[in-house]
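Protein chains in written order, with numbering that gives the first Met the number 0: chain A, 0 to 258; chain B, 0 to 260.
Keep in mind that the hints were calculated from the coordinates and are not lab data. There may be inaccurate statements among the hints.
The calculated label-pair distances, taken between Cβ atoms and stated as ranges, are [what the hints assert, rightly or not]: (1) A:14 with B:160: 34 to 42 angstroms; (2) A:245 with B:35: 43 to 51 angstroms; (3) B:108 with A:97: 28 to 36 angstroms; (4) A:13 with B:42: 53 to 61 angstroms; (5) A:90 with B:35: 18 to 26 angstroms; (6) A:46 with B:223: 33 to 41 angstroms; (7) B:127 with A:34: 19 to 27 angstroms; (8) B:39 with A:155: 34 to 42 angstroms; (9) A:46 with B:127: 24 to 32 angstroms; (10) B:35 with A:97: 52 to 60 angstroms; (11) B:25 with A:158: 37 to 45 angstroms; (12) B:98 with A:155: 44 to 52 angstroms.
All C-beta atoms, glycine included, are put in the ideal place defined by N, C-alpha and C.
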Amino acid sequence: MDVAKAKSAFSKVALPMGVLVAILCAAQTLKYFNLLPIFVPGPWDVVMQIWTSPTLVSSNVLPTLYKASAGYLIAAIVAVCAGSLAVLVRMLYGPIYNFGVCINSVPIIATAPLIALTMGNGPQVQIAIAALASQFPMLVGTMQGLRSADARQLELMHVLSASKLQTLRYLLAPGALPFMLAGFKIAAPSAVLGAITAEWVGADRGIGALMLYALFSYDTPKVWLSVLLTCALAASGYGLMALVQHYVLWWDRDVELES
Amino acid sequence: MAISLTARRQNGATDFLRSISIGLLSLIFLLGLWQMVITVWHVPAYLMPAPGHVLIAIGTNWKVLSAQTSFTIGAAALGLTISTTFAVLIAIAFTMSRRLEQASLPAVIAFRSAPVAAVAPIIMLFFGRGITTSVMVVTIVSFFPLLVNLMRGLASTDKNTLELMHVYGATRWQQLYRVRILYALPYLFAGLRVAGTSAILGAMLSEWITGSRGLGNLILESGEMRETELLWAAVLVSVTVALIVFWTTSAAERRVLQWKA
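Construct the complete structure from the given sequences, taking the supplied hints into account.
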């Protein structure tokens, strides 16, 4: 193992961790002497929330996780299909892209009550909004990735008399993968956030519901707990996709998506 | 040179007309599609009212809609102004002092990844259920895209130009306001495009959880009261506001970019 590498990994992980622990200890000390404002609970109170009622955490995290991942999967399938269609049929390129931009720039969760009106008051509303909130990066990634092949490479495939399928398999798909995975990575937290904000409108279970109940009863430790759970879920979605990206792509990791 | 400039300006004008007519046509197309869906499938009015009825609802509820919309837009605009000011000041401070940048960048990155849904409740605990919460949420949500873009813009300055400034013996401030800021302008507008849409969104979201006045709350309440026509009217207004913000900032961005092209 390389010493310098180990050292840099240490400073990357240990240093922020040390700062975090120091901040938490400081907050706890301040709380002990009643120096923190009333709406900032001591870190220990938040941890105790998990300890005293583990079902509270699991029964709210699991529904949100399910809704967010269902919406994310639906959005991924639709975005990849629409993106491929847009690249295949030139005429549809503009309309599909603009439609994606429109959905992305409109405050889509503002339409949550509307969607609830037509789809009923179940998890399907949150799934739909998670899908709508996360579609755009995946669409852009697919469209940009499938078009990233060089004209000369395409010519080479033609000269080698490759079939359309072979061109897709050996040239287009490997070229598109970095862009698509970059889009998938960015989209993961937005799916979680879409699901949580949609839960504010009406859901009996989920992190968003927990957050709203806690806010309206001024249960500060629970508010902070739900905020922490939100961050953890969004970050782990991002981290999971980053891991996938790391292991699937060993050749070309750094691509930049156009916004 | 002059000829190409006027040609470009005319091109811009025709482009503008073209995009407006495309927008209007697609609007008419959408309204027609909407009406068609209702007449073909006999969608009951409590689910999806006819476009005409929604337009009438906009007319009759004009006062409520405009009052709540101005509330939301006010909060968004105020927050956006504050965040732009701070982002510009901090980005300039970072360019002036590398040490400051290195010291505070990790904190900036950590805060940047905090999502709206997580920021809003904590802000509400701090500031209570008023417009202050909306303004603060908008400020925080729109601050980071602006700062990141500005820093990238200030760093994008052409090396040769900076060297020329050095040869002329320009001070760091002269370097900043004669060169760097010009290079950063397109990036500022790209940041504003992202920040503008998230500002409207942030304002509406914070109205949801605080229950204070505004367009977001109007949508939520009319949804719960099953006042379908008012709900659709409010959603249409909010979508229009968001699209107008998006288009104006995109147009401003293109306008500023023309200078570079």
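* Out of the numbered hints, which ones does the structure contradict? -> 8 and 10
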